[in-house]
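A.B. asks: These are the residues of each chain, in order.
2 protein chains.
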Amino acid sequence: MRRNLVLLFSSLLVPAALATTKATATTPAPYSPAPSQYVDPMIGTANFGATHPGAQYPHALLSVSPFNVALGGKLNPFDKDAAWNSRVYVKENQFLTGFSHVNLSGVGCPDLGVLLAMPTTGALQLDPALYGSTYQDERANAGYYATTLSKYQTRAEMTSTQRSGISRYTFAAGEAHILLNLGLGLSNESGAMAKLVSDTEVEGYRQIGTFCYHSEQARPVYFVARVNKAPKVAGLYKKMPAVRAVEADWSSHNQSYKPYPNYRQELAGDDIGAYFSYDLKQGEQIELQLAISFVSIANARQNLAQEQAQFAFDETRNKARMAWDALLSRIDIDATTEDKIRFYTALYHSLIHPSVISDVNGDYPKFGPAGSGNGNSTGKSPRYSVFSLWDTHRNLHPLLSLVYPAIQTQMLQSVVAMGTEAGYLPKWELAGMEKAVMVGDPATVMVNDSYQRGLTDFDHAAAYQAMRRAALTPSSVSKPDFNAKPGQQQAARMQAKNPIRPENSDYLQLGYVPVDDEGPFDGSVSTSLEYYLADFNLAGFAKALGHDADAASFAAQAQLYSRLFDSALTKGTGMFRPKQKNGQWLSGFNPDGGRNFEPTSGYIEGTAWNYRFYLPHAMPQLIALLGGPEAFRTALDQTFDLKKFDMANEPDISYPFLYNYLETDRPGSRAATSLRVQQLIQQHYGLTAAGLPGNDDAGTLSAWLVFSMLGLYPTEPGTPNYTLFQPRIKAARIALDPQFYPGKIIEIKQKTSGQLLWNQQALPTPFVTHQALVQGGVLELSAKD
Amino acid sequence: MRRNLVLLFSSLLVPAALATTKATATTPAPYSPAPSQYVDPMIGTANFGATHPGAQYPHALLSVSPFNVALGGKLNPFDKDAAWNSRVYVKENQFLTGFSHVNLSGVGCPDLGVLLAMPTTGALQLDPALYGSTYQDERANAGYYATTLSKYQTRAEMTSTQRSGISRYTFAAGEAHILLNLGLGLSNESGAMAKLVSDTEVEGYRQIGTFCYHSEQARPVYFVARVNKAPKVAGLYKKMPAVRAVEADWSSHNQSYKPYPNYRQELAGDDIGAYFSYDLKQGEQIELQLAISFVSIANARQNLAQEQAQFAFDETRNKARMAWDALLSRIDIDATTEDKIRFYTALYHSLIHPSVISDVNGDYPKFGPAGSGNGNSTGKSPRYSVFSLWDTHRNLHPLLSLVYPAIQTQMLQSVVAMGTEAGYLPKWELAGMEKAVMVGDPATVMVNDSYQRGLTDFDHAAAYQAMRRAALTPSSVSKPDFNAKPGQQQAARMQAKNPIRPENSDYLQLGYVPVDDEGPFDGSVSTSLEYYLADFNLAGFAKALGHDADAASFAAQAQLYSRLFDSALTKGTGMFRPKQKNGQWLSGFNPDGGRNFEPTSGYIEGTAWNYRFYLPHAMPQLIALLGGPEAFRTALDQTFDLKKFDMANEPDISYPFLYNYLETDRPGSRAATSLRVQQLIQQHYGLTAAGLPGNDDAGTLSAWLVFSMLGLYPTEPGTPNYTLFQPRIKAARIALDPQFYPGKIIEIKQKTSGQLLWNQQALPTPFVTHQALVQGGVLELSAKD
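From first to last, the protein sequence lines stand for chains A and B. Going by the working numbering, the first sequence wraps up at 785, each residue one higher than the last. Going by the working numbering, the second sequence wraps up at 785, each residue one higher than the last.
Be aware that a few hints might be false.
No distinction is drawn between identical chains; accordingly, a pair holds when it is met within one copy or between any pair of copies.
For lysine to any residue, the following SDA-like pairs were computed, each having C-alpha atoms within a straight-line distance of at most 20 Å [as the list claims (entries may be wrong)]:
1) Lys258 - Pro486
2) Lys485 - Pro241
3) Lys91 - Gln136
4) Lys581 - Ser562
5) Lys258 - Pro231
6) Lys643 - Gly283
Hints in this document: simulated from the structure, not taken from any laboratory.
Only chain A is shown next, with the shape it has when bound in the complex (with noise of 0.2 Å):
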């Protein structure tokens, strides 16, 4: 019913021409015009998607959510404050606190998810467990937001820019309060000051960080708000910390908020906010503008100037559906509607993050491991930020490098300065700080895996210098204490001698990392895997650059990977497993261990099985490895068949791709392949709230989605192939980047049966190489021949 809802409003709203790339006389009509209008956001709030439903601008600073994970009681199962919960809305709560205009898409940590806005009416309340309400008749798009407070019979739409949103709030008669709330949010840091400039503009910052309770590190998000009405009374508010005995008796607001009508200075503290008091006759709308800056106050007061001139909530969300637009029709697909809001959804999820955090002058936060201590810069291209690299790099990266070059550029040259600003690349980053979360060195095989497919305008002595200092820079952590809390833990690691690599010393001198001094989120064999590819990266990287001594020696490490494989062959486990500095097996191996996020040695977010046939960038060595094409195919089944496989983690998502390696030694193998991706799309991918298998890990799941219903997918990162089978669409047409590669589409067509062709030549194996891709062509791909 809701879906049926978006789609009529979209078609009604949107004349095709206007979100469409540009037709002309020689291109054909587009298969899917106008394609924002399948994306549904609604997809991924379940099952720990982790995404949300808010209005959405590609690629941006801020986005406008509603918030339904706090204060709830049994209307919200899923609490935030009882629980590890990286979501700002979850379609299972059904209790309303407001609507955040800082949140992150598809991560697995808990952070951001502040400044919240909320419309009401009647007596002014300011205590969200009191003025939250449930909701009604919510409608998601690209860029836009609506529900119904049923509380207030208030209906709240928004949208949003780059770095600002605007929400319009249409009220019923009397009383009416427009809060923003500073107190309220999805981070584990608190505190936020507020100063209203004027009876209509509020402006203040609001702490975030110690993401994933890892780091310590913390910032303040600044912002600036306005409402497009004078209000009766304009007011901040605070809650005010509990007193006893005697204080008790006298004062007016004990452990309760306190309202500060007319205060015209700085309000601090750790639940504050602003409210705007009207009297309005029924239907009145009022409308919310907020923009942000991780740099100043002043900045985000520019970035709404520049972004929002005036209150134009119509014109805002126009402008948001063609920018989604534009970006989206980049790949124009042929398949049933069902299949388009699969794919465009996906793909609308993948163009999320990473995020500019630069304001329109340029500034940004710089990076480094003192967080806020690092100070600002300023530069003309734009600065990227929220780097899940762990994940990003296995096929966000590659989606980009192929169909949004310009975008993946930048955000090279976003990474390989931060390397530059900290010594080292960037890990896992958010908003100028380094979070150290998730193992191995990925910015290496992401930065590398772009030069690889011809992305080069970046600073290529800088990024070698930092990738190089994080593979040679000797690094040893002892234990940690298992009593300590996890931040506590990660605090050691991160203030290693080398924060990337901080188990360097061991993996250098006996070629893998050893099992002894690992802490929870070690995972030795994990990090060992990560290393070898990231090394593999790194030579070839160097290789290019003319490092031919860096690059043998780095090539050669990555091959040390035997070391932690137990070989059938030698009746071990056909494992990768954990191993002691000493060279003996750590004893008590459990190829389980590991499963649903549980700590268990060796592995990190994966067991042994979903680590078996990760080393991407030695995949003959691999089957070799496990006895064969045979005994590989065999392992491979058993992986499917067992359910020992995991869609909704990265460590294995590789694997339905990995039957095509046999194609050349057991002709027919692609077949698998093509099944197993059909299989788990059918079974994973669907179009309710529950449609992502999991958490969307910054979009990882989603292009997961956009490469597999393509009908090719780049399992080698740092090697520029792109492996192939039976797509899901019928047919595409991706639109390559003019500026890159002038008039160039690559056409994808499904057969039912046949050789796979590129531009109607037989292809010798289920591969295509990117240089070969990008000079356009046509691709005619079927499950076998």
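Dock chain B against the given chain A, drawing on the hints supplied.
C.D. replies: Relative to the frame of chain A, chain B by itself:
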């Protein structure tokens, strides 16, 4: 023991010539050279005196006081959070948690007491309950305080200028820290921001306000603080809120203090602070400067630059002492050392409030009901704040008018400007905010009294307009909801049409404030008596300005006091009694009701006894009402003999002097005044911490002692006379301000008996006019002829 140390210390360090009025060949050697040496700031720190022992500059915006009213458990019997506590330091307590930089002296309500610096050693500890310490070897002088923190063997010394403090910490060897705690404070407001602008400088603000729990008004006090040595680490910190369930498992700082080392952006919250960490050698000293402003951080920085360009502790200390000596030496007394301590400590306490609030550049917060919403202004003359006028109109401002007319003129200008800004003169003003504590219209009394004493350099028309508005604007409040908190009850009073005289409609119609709609802090009898006195003063001011019709009207209103007097001649109680609107006395009269601040009908901060003789503008009529001189004398004696007199509060503090009014009818009566005064001084004014009879009330009890020891007292606000009696001092020389009275000196000589002489002429009554006194001359005073 302690005092001996003080004297020794002072005499060693202060060359007398530095600190006294320059002696010429024609002026005699002073009785008390360098009188600051006699100031003992410990006096008043027990027995609820509410003065602080810290470093204090005359009329200063800032002071630096030990803070020992929090978190001490059994070590601190007086805890700020479990009692109505207006004191930052209580001699009876033992657990110190820092040195507060913004303090009130001798007030009855909690506020300020914020910006707490604390030196510690050992591992960094951010919880004041854990880093607090007992202390020893206290030394308190005018402008200087020092103690040794037992836990850290660290000597903490402090001194100050008008707007800035400097502390010198002498540390033991090892790890040391200087904390600036922005959470802990006496104020019931909380919330702060801090930002490290360099390794050695922090800026920010801290919320203050809600004085007396009555008013919602609050505002930030801005600060800049600097250390004189670059620390190993500079950081901020914050107490993190409570989380539960899984969140609690993950959070490293669950309801505990979290350090943010090297954090360089704004940090805001309820309980935050800054720290500077060092590794020190034994005996190494670090100095901390801190300046404030109520206008802006930039102004705080400018205040610091102008008043303490360098770190120069000893020089700053000497300047503070010289500033004190310059003021204190205006009254040079010949007395015992003990009486010199009594006298100069009282004079010191009389020269703290009202205090300067304007910054060095002239900026100050404007006054008005909107608190922080009033904005700022600037001026050439200093702007004063902390006007506790119900107290200070009685004797403090008359003292300033006589001895420090330049200062009193600036205060007059401040009060009149406030009237222009807010429409009404202030009643209880704190930091630009009207706190509406206590009753009556005391600014009218204060302004006219000064005018009558010849201080006329202020805007008469503006003053008159504001006074007249308060006197004539009708205003009715309904009986408050006694179930509501005091602050909520008070809010209704403050929102009255006439906030200064919220019961004015009834008063104008009935000639008295009826008890019917009385709130718990109204005191209908007390309020009426204050209004009569105010109207008498307004009549005097009107007459002086030529508004004769107004003058007659106000004078007539001032005579309606008999409507509240229940005459014994008609078998009444002989008291001023609460009366209802219908003209009937309120039944259930208890003349002792209202003792010890207990709520009672009709009276505030006093009993019927305490208000029985409070008709200073109509003493002859009061004597008649009470039945003539004999009955009056009997009633006065009863008051003292039955212990109905309260030396610790203001309504009755002029009563010992009232015997003098009987001198004409019953010669010899003035001996009773002399006796009572001597007895009261002996009984209530000591040399220990308990040496004040009660709350100093912004210097009012101290000004009482100054006048009483000199042998004169201003019993009739608005009538510029002093009544005379036997002084406590042997002799005194009051050097009048040469800008007002060039070359004039008042000499006072005590004699055991004989007529009261003024310039060797016998005085016909025990009174002398202000006009006569300021011509200079010799006053010879005795108890009897």
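A.B. asks: Look at each hint and say if it fits the structure.
C.D. replies: These are the hints, each one checked on the structure:
1. Lys258 - Pro486: For Lys258 and Pro486, the Cα distance is within 20 Å only across copies (15 Å; inside one copy 36 Å).
2. Lys485 - Pro241: Result: close only across copies, 16 Å inter versus 27 Å intra.
3. Lys91 - Gln136: Only inside one copy: Lys91 and Gln136 sit 12 Å apart there, 62 Å across copies, limit 20 Å.
4. Lys581 - Ser562: within (15 Å within a copy, 100 Å between copies)
5. Lys258 - Pro231: within (19 Å within a copy, 39 Å between copies)
6. Lys643 - Gly283: neither (55 Å within a copy, 69 Å between copies)
Comparing the model with each earlier hint shows a violation of hint 6 alone; every other hint is respected.
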